[in-house]
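Number of protein chains: 2
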Amino acid sequence: MIQTWLPSWIAAYHRGDLSADLLAGTVVAIMLVPQAMAYSLLAGLPPEIGLYAAASAALIYPLLGSSRYLAVGPVAIVSLLVATGVASLSPASPGEYLGYAVQLALLVGLLQLGLGLGRLGFLANFLSHAVIAGFTTAAALTIGLSQVKLLLGVTVPRTDSIFLLLRSLALQIPNANVAAVILGVGSIAVLLFFSLGLPALLRRGRIPEPWIVPITKTAPLAVVAAGASIAAVLDLGGRAGVAVVGEIPAGLPSVLLPAFSFVAWPDLLPIALAISFVGFAESYAVAKALASKRREKIEANRELVALGAANLAASMVGGYPVTGGFSRSVVNFSAGARTGVSSLVSAGLLVLTLTFFTSLFHTVPHAVLAGIIIVAVAKLIDFRSLKKLWRYSRADGASYLATFFAVLLLGVETGILVGAIVALCLHLWRTSRPHLAIVGRVGETEHYRNVLRHDVQTDPRVLALRIDESLYFVNTAYLEDRILSMVAERPEVRDLVLITSAVNFIDGSALDTLENLVVELRDAGVLVHLAEVKGPVMDRLERAGFPRKLGAGRIFLTTHAAIQALRSAPARSSPAEMTRQCNRISRTGGVPI
Amino acid sequence: MIQTWLPSWIAAYHRGDLSADLLAGTVVAIMLVPQAMAYSLLAGLPPEIGLYAAASAALIYPLLGSSRYLAVGPVAIVSLLVATGVASLSPASPGEYLGYAVQLALLVGLLQLGLGLGRLGFLANFLSHAVIAGFTTAAALTIGLSQVKLLLGVTVPRTDSIFLLLRSLALQIPNANVAAVILGVGSIAVLLFFSLGLPALLRRGRIPEPWIVPITKTAPLAVVAAGASIAAVLDLGGRAGVAVVGEIPAGLPSVLLPAFSFVAWPDLLPIALAISFVGFAESYAVAKALASKRREKIEANRELVALGAANLAASMVGGYPVTGGFSRSVVNFSAGARTGVSSLVSAGLLVLTLTFFTSLFHTVPHAVLAGIIIVAVAKLIDFRSLKKLWRYSRADGASYLATFFAVLLLGVETGILVGAIVALCLHLWRTSRPHLAIVGRVGETEHYRNVLRHDVQTDPRVLALRIDESLYFVNTAYLEDRILSMVAERPEVRDLVLITSAVNFIDGSALDTLENLVVELRDAGVLVHLAEVKGPVMDRLERAGFPRKLGAGRIFLTTHAAIQALRSAPARSSPAEMTRQCNRISRTGGVPI
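Quick note, the sequences are listed as chains A and B, same order. The opening position of the first sequence corresponds to residue 0 in numbering that gives the first Met the number 0, with each subsequent residue numbered one higher. The opening position of the second sequence corresponds to residue 0 in numbering that gives the first Met the number 0, with each subsequent residue numbered one higher.
The shape of chain A in the complex, shown without the other chains:
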């Protein structure tokens, strides 16, 4: 039992994997220290909270998760969700703010564990790619915008409206702190150089290829070290009024159950739900993308359990919610990580940092951390997906846009909910007006295709109609209307063959409607037949006694069998005679199913 919960790589660990894991784990740790501090600041928390969360998550996830490469820790979007969620509760003090953040990690942990153990991982599929892309882009813009005040070294009143925020920022430009602007913009320039210019330079300098990724990924640490040194030497924190990180308590946090009041849980629950879903969706997408490159499998429910445990661990050491992040996981993979040992190495280095090196970070300017966040989230902005989606399917494009604007205008949590609901409604709207095709015979084959798209033969007395959708309550009324009008427009029709090759389900409402249709059309002198009924659908129809209710109508195995049988049937003159004749036809027996 326990063994099935341990990841497969533990039993089969090779000594040869260790050096690769050591290198990758070190590279990730070098990225992680400044990112954890920056994201913690984005979440409105002291920088050490991000480090605590990062260390505990990196320690626990690899023991349970199904991904070998996922780097779990603080990430930008979850930090934003924490910031807006906790602020909406109007905490009275920084201590209460921190308390809420820690309780969120606990709640997210419990929710994700519960969803995983309850095998509800499939729920994350209710977020379509379009919704996720729209959400990520809008959230990245929101995050980037939230950092501009740190870049300018000014304070602006808190607001949920991006228009008010833009206005406040514009008004504060004259009050910008020049030193902060130089540090922030300088950091951005250095970070961009590391990722855009440096690799080519290193290759020209004949640096071996395997070293190039690790070197470029030291960029955040490099700007943090440079920024801290400059600020310390010039005393920017004191003399120039540049905001700096300040005292970070040295040493490890004590492990304890977070102190909390259950009073806040009803308010925290929706925020925790949003973080659980969004965090899982981001993490699962990265894990799957990396695993497929090595033909490994990711299990959704197992991932939920592992992320839940990581969040519980984070809350135990006073950290805030975590998830598998995109950029660090990709770096871990491309730096050569082989197993979860790489994540354990990162955790160890974080513990070392917390124990011995926190004093080095006292003078890191906020503007430098803001620069790191801005460069990180800029990569998440994805308008190309919108273009592709819009061209492929208007509904997907509309889902993207609805989520994008809802997140920008209504906030991140409401926004993703609106997006998910819009996507579901568009899907239902589409299935509520199914495509119907009148089909005819292709040449002398047994194949039947849409008369509008193919050169086919039809018989005016037999209307063969393919229904391109499952029949269920949302579309039954529409279908009944359309079929009745199609028959009404063709007075010469005496047999209607409903081809159900694309009907995967007929629900109770649709069954009622079909039964009505049979009666209504019989009164109009038209017999209803079915063809190409799928096995599971036929089982249900038989259980409900539908074949009897078809009366003289029949159920054919194939469209071809239906058309051949109905063409050769004698002409019918009156409804009364028709019924007699059809009874006779049906007594001769249809194709058995």
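What the hints contain is simulated information worked out from the structure, not anything from laboratory work. Keep in mind the model is a prediction, meaning the values are calculated, not measured. Incorrect hints may have been included.
Heads up, the list lumps identical chains together, so a pair's fine if it works in one copy or across two of them.
As the list claims (entries may be wrong) - The calculated SDA-like cross-link candidates involving lysine to any residue, where the alpha carbons are at most 20 Å apart (straight line), are:
(1) 148 x 161
(2) 296 x 485
(3) 287 x 298
(4) 296 x 477
(5) 386 x 425
(6) 287 x 476
(7) 292 x 548
(8) 287 x 431
(9) 287 x 483
(10) 287 x 484
(11) 287 x 520
(12) 292 x 484
(13) 296 x 490
(14) 287 x 485
(15) 386 x 545
(16) 292 x 521
(17) 386 x 542
Go by the hints and put chain B onto chain A.
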């Protein structure tokens, strides 16, 4: 323009229709007077309010509606919705209570007009038959239970919990007013006799068949007349403490815009929405059922406009919300109504009643009206649908039960919302785990069927997989998993043919997943092909450049063409060689679409 809004029967009215319409309209009016008073009482309103609403609705609906037989006026379920909705706003006085009810009629009118003019009538389809049946049954039980206190002649504290209500009623049994109980139970007995015993008796007495329905439908008026006479003669209202209707103002109401404060509108809106949808769903179902018997058409959006106008008219004369009712419409139809003139006749008789006969109703005991309501709603209790639905489809049965219990335990408005959401979620859940069938060739035909259901031939190297669902974000992850495992279980497979005859749509998320699948399986040495792609789906795939992304995979017109082509393809040994060979195969060209 105006002409298209007038019903078709107006231009073609026959003098011969008049006598039929006169008879049917009179029969409906005889039912309507006591029912309108009873339902008004159920809604917590004075009896004349129901009469005002009934007269105005019967006058306006036939001028706009598409049904010739629908009898619009106060109905039981809408009255219940008004009662619980208005009570939830805790009005301070009967005047304020009435004000809310009138404003509800106004709001319902505006909403239904707006929905109809905006052509949103299809939204009513989101209530499945199972949800409507579960709702109606639970609402009928709730209504019946709410009348027991009048039958007992006692008062009980208002409560939303049926358990508390049952307990209060049980505790009040010792205090029951014997005269009220005798009147109420006697009314129920007489009403049941009229509908169950009388028709046979009349037939035995050789009464002509056309008169039987009109005679039996005088039952409510008969018990009201008898009850009022008994109460007047014995002075039951004064001496025995039997609750009676009391003073009804004589004459017509003044026509005016209802006085209202917009303040209450945000609270009234959800109630008005529930009434609009439920009222429309009931009315539309009856109208369609009756129209189909005479091969006439009902237009959803036109019905919404007509019902909206009827509700606006009701609010103008100080009435409460109305809709097309089941029982009176059926009586109208079976009493021989030919056109909307029948409804105009009813309206005229109601105006006469209001002008001259209100004094006759002063002594009608509440217990008699409660008896009328109980007998009317008892016909709505429908557990047979549950049995049929459950046997046919568990999801429909579950929707019924969820709605039924939600209505009983959470109240009528929350209940129907819960039911609608449960039905949609069950639908999504079903489409999230689509049926997949491996198919093989039936004998020497060109037909391919599920290997588990038919005796078919297969080729171990070619896996032909039929996907029985549209591909969209809710099911892509599941499908990818299932397909990858199916291929993994069959190491000899080198070609996978996805048969998409039942795939009616591929959304953006599913397209991404398909592209990933092609790459993942190519790495595993398996080529992905498509067969039987529908026209609209193919158009989209081509727009997105998907055929190119299939690489050496091909798109076949039919499953047969795919299997024949792939069986004759040369054996492939290694992925690398495979790619070369497949490139060669693809250069020979597939079947053009």
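Going down the list of hints, with the structure as the test:
1. 148 x 161: within (13 Å within a copy, 57 Å between copies)
2. 296 x 485: Only across copies: residue 296 and residue 485 sit 14 Å apart there, 49 Å inside one copy, limit 20 Å.
3. 287 x 298: within (9 Å within a copy, 49 Å between copies)
4. 296 x 477: Classified as between: cross-chain Cα gap 13 Å, same-chain 42 Å, threshold 20 Å.
5. 386 x 425: within (18 Å within a copy, 33 Å between copies)
6. 287 x 476: between (41 Å within a copy, 10 Å between copies)
7. 292 x 548: Classified as between; 17 Å across copies, 54 Å inside a copy.
8. 287 x 431: Only across copies: residue 287 and residue 431 sit 19 Å apart there, 33 Å inside one copy, limit 20 Å.
9. 287 x 483: between (48 Å within a copy, 13 Å between copies)
10. 287 x 484: Classified as between; 15 Å across copies, 48 Å inside a copy.
11. 287 x 520: between (52 Å within a copy, 15 Å between copies)
12. 292 x 484: between (53 Å within a copy, 16 Å between copies)
13. 296 x 490: Cα proximity of residue 296 and residue 490: across copies only (17 Å, versus 58 Å in one copy).
14. 287 x 485: between (47 Å within a copy, 18 Å between copies)
15. 386 x 545: between (47 Å within a copy, 16 Å between copies)
16. 292 x 521: Between copies, since 12 Å is at most 20 Å while 58 Å is not.
17. 386 x 542: between (48 Å within a copy, 13 Å between copies)
Consistency note: the structure conflicts with none of the earlier hints.
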